[in-house]
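Residue strings, one per chain:
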Amino acid sequence: MLKDVSFGQYYPVDSFVHRLDPRLKIVFLIAYIVALFVASNFYGLAVCAAVLLFAIICSHVPFGKVFRAVKGVLFLVIFTAVLNIFFYNGDAVYWNAPAVLWEWHFLRVTQAGIVFSVFLVIRLVLLVTCSSMLTYTTTPVSLTDGIESLLTPLKWIRFPVHELALIMSIALRFIPILMDETERIMNAQKARGAMLDSGGLGKRIKAVIPVIMPLLLSALRRADELGDAMDARCYMGGKTRTKYKKLTFTWRDLIVFLLLAAMIAGVVVLRIYLGAPL
Amino acid sequence: MKAVEFRDVSFSYGEGTFAIKNLNFSVEEGEFVAVLGHNGSGKSTLARLCNGLLVPDAGSIRVFDLPVGDKTLYDVRKRVGIVFQNPDNQTVASIVEDDVAFGAENIGLTREEIGRRIDFALHAVGMEEYRNATVARLSGGQKQRVAIAGVLALGPKMMILDESTAMLDPRGRREIMQVVKRLNEEEGITVLLITHFMEEALLASRAIVMNGGEIVMLGTPNEIFEKREELVKYRLALPRISRICSRLREGGMPVEYTLDYEILAEEIAKCVSKPSI
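Line order of the protein sequences matches chains A and B.
The first sequence begins at 6 in my numbering and counts up one residue at a time.
The second sequence begins at 9 in my numbering and counts up one residue at a time.
Keep in mind that the hints were calculated from the coordinates and are not lab data.
There may be inaccurate statements among the hints.
To be verified - Straight-line alpha carbon distances no greater than 27 Å define the calculated BS3-like cross-link-like pairs of lysine-lysine that follow:
1. B:K189 - B:K235
2. A:K76 - A:K208
3. A:K76 - A:K195
4. A:K160 - A:K251
5. B:K10 - B:K29
6. A:K160 - A:K244
7. B:K29 - B:K235
8. B:K165 - B:K86
9. A:K244 - B:K165
10. A:K211 - A:K195
11. B:K10 - B:K79
12. B:K79 - B:K165
13. B:K10 - B:K165
14. A:K250 - B:K86
15. B:K79 - A:K244
16. A:K248 - B:K86
17. A:K248 - B:K165
18. B:K278 - B:K235
19. A:K160 - A:K248
20. B:K79 - A:K248
21. B:K86 - B:K10
22. A:K244 - B:K86
23. B:K86 - A:K251
24. B:K189 - B:K10
To be verified - Using C-beta positions, here's what the derived DEER-type ranges look like:
25. B:E231 - A:K211: 51 to 61 Å
26. B:E137 - A:S20: 14 to 24 Å
27. A:D229 - B:S68: 21 to 31 Å
28. A:D185 - B:E194: 29 to 39 Å
Ideal Cβ positions, reconstructed from N, Cα and C, are used throughout, including at glycine.
Could you build all of it, start to finish, from the sequences and the hints given here?
Structure, rendered in structure tokens:
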């Protein structure tokens, strides 16, 4: 069950996308998310989806892997969509008289609500897919190197950029370890007769406490040991540190940058000329 | 030169009892010393004192003629590396190469030099093919070899293994011991091996037995394992070969006491071929 959570894991193959500058990939993700919400009609979203599909193909990450990342948040997506179908009634600008399809007390399903929900599902799925593509194709270290490099201007106001980047890379590194540990603890509790999968909501929440506590304790112990190991390897903060991997902006990055610009331009143009249901 | 020298060192975790009591001992450069002791004997504390992770309450410690103190920590840790017990808790990065680079980056080396150090370290532990592998997917023995490489990248003169094989299966243990033995013999790295597996101590040139924060026995592994009653007193299990020897002798086969399987085999052959038995 926990093995399904694949968000934040690196998929080690060599590909065009893997070799891109992590800074570009981070900027790409941010721009992509903005584009998803700028896109106001199906054509705009189709452009975004096509670009992402192209990226997945170029990255050699199997579709099954990508789908697993989406599966992790599927519940959240469906939940949000259902709520929106019932509660969203359309924006007055585009829908002068929202066509009401079904009504019951305060619940009202309109055409606008359905369209909006479908858009929302598409947006969320693309958003999650794009972010998991970032972690699939970028090692945590280069990801944090990228963030560190992008945040460098903040050093001017004495923001601890290096420390933040290190914390993030360690957090990512420990995700699989803590996953395994959670599973082990859950099995240990089940072996002692804990009912983790049955009973009402209240009961289940209570049953989780004996899983969380040992996990928390073990995480603290691990942190302590990791701190010692880092000390022993001469870690003294970021000041005197050098970097083995240097980030370089190459022709690949330029191509992707142009592609990104084209995609955003396309989305904006489609929004202006075709207008939108939303 | 002495790799490590303890002079009247005491250390307490602050519970009234001493984890290390008035300890005097030294390790020569290039030596391979095993430290034995049951849980709570102070052997891990000893390791942490050697590179300044812990500071002694009394006494002084010198590492390669450098007094261990706040001002020398950096230089001490460059010279003395520690490999810890749990491989998962000492890997900083997700990719082998990045993790090995961590220490070398910390001491501010140039990119080219770090690259060379990674090549050297991964070669020394036989993990060259795994340079770009994900650490999480390696076996315990492989992870621990990466941890050793991470320490080697700092260019240490001495390496402390603090129960580094305790969480590994027999195969992983063998891998690590082979690597350590080779580093000691070929690279001349001083090794302080802290363990409760007696078999591993057989590789050392000298062994120390600790109990209650004090050194209670000192000598070559052979000398130490001959004093069986004493070892039992300090709650240490004998290596398997010693147990086989003593059982054979108890059973009436007069084999010589040995720690070498080859010699034991010859001894047994001699006894069996004697017409008197």
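query: CB of E137 (chain B) to CB of S20 (chain A), is that within 14 to 24 Å?
result: holds (20 Å)
message: Need the status of pair K244 (chain A), K86 (chain B): alpha-carbon distance at most 27 Å?
response: Holds - the C-alpha atoms of K86 (chain B) and K244 (chain A) are around 17 Å apart, at most 27 Å.
Hint consistency between K86 (chain B) and K251 (chain A) [alpha-carbon to alpha-carbon, up to 27 Å]: Between K86 (chain B) and K251 (chain A) the Cα gap is close to 24 Å, so the pair holds against 27 Å.
message: Given the hinted pair K278 (chain B) and K235 (chain B), is their Cα-Cα distance within 27 Å?
response: holds (25 Å)
field: Given hint K165 (chain B) paired with K10 (chain B) - CA-CA distance at most 27 Å
entry: Answer holds: K10 (chain B) to K165 (chain B) is near 11 Å, not above 27 Å.
- prompt: Taking only the CA atoms, is the gap from K189 (chain B) to K10 (chain B) under or equal to 27 Å?
  reply: holds (20 Å)
message: Against the 27 Å threshold, does the CA-CA distance of K29 (chain B) and K235 (chain B) hold or violate the hint?
response: Distance of about 24 Å is within 27 Å: holds.
query: Is K160 (chain A) close enough to K244 (chain A), meaning Cα to Cα at most 27 Å?
result: holds (12 Å)
message: Holds or violated: K189 (chain B) and K235 (chain B), Cα atoms, limit 27 Å.
response: Distance of about 25 Å is within 27 Å: holds.
- prompt: Does the Cβ pair D185 (chain A), E194 (chain B) satisfy 29 to 39 Å?
  reply: Hint holds: Cβ distance 36 Å, inside 29 to 39 Å.
message: With the threshold set at 27 Å, check whether the alpha-carbon distance from K10 (chain B) to K79 (chain B) stays at or below it.
response: holds (20 Å)
message: Between the alpha carbons of K79 (chain B) and K244 (chain A), is the straight-line distance 27 Å or under?
response: holds (17 Å)
The earlier numbered hints are all upheld by this structure, with none contradicted.
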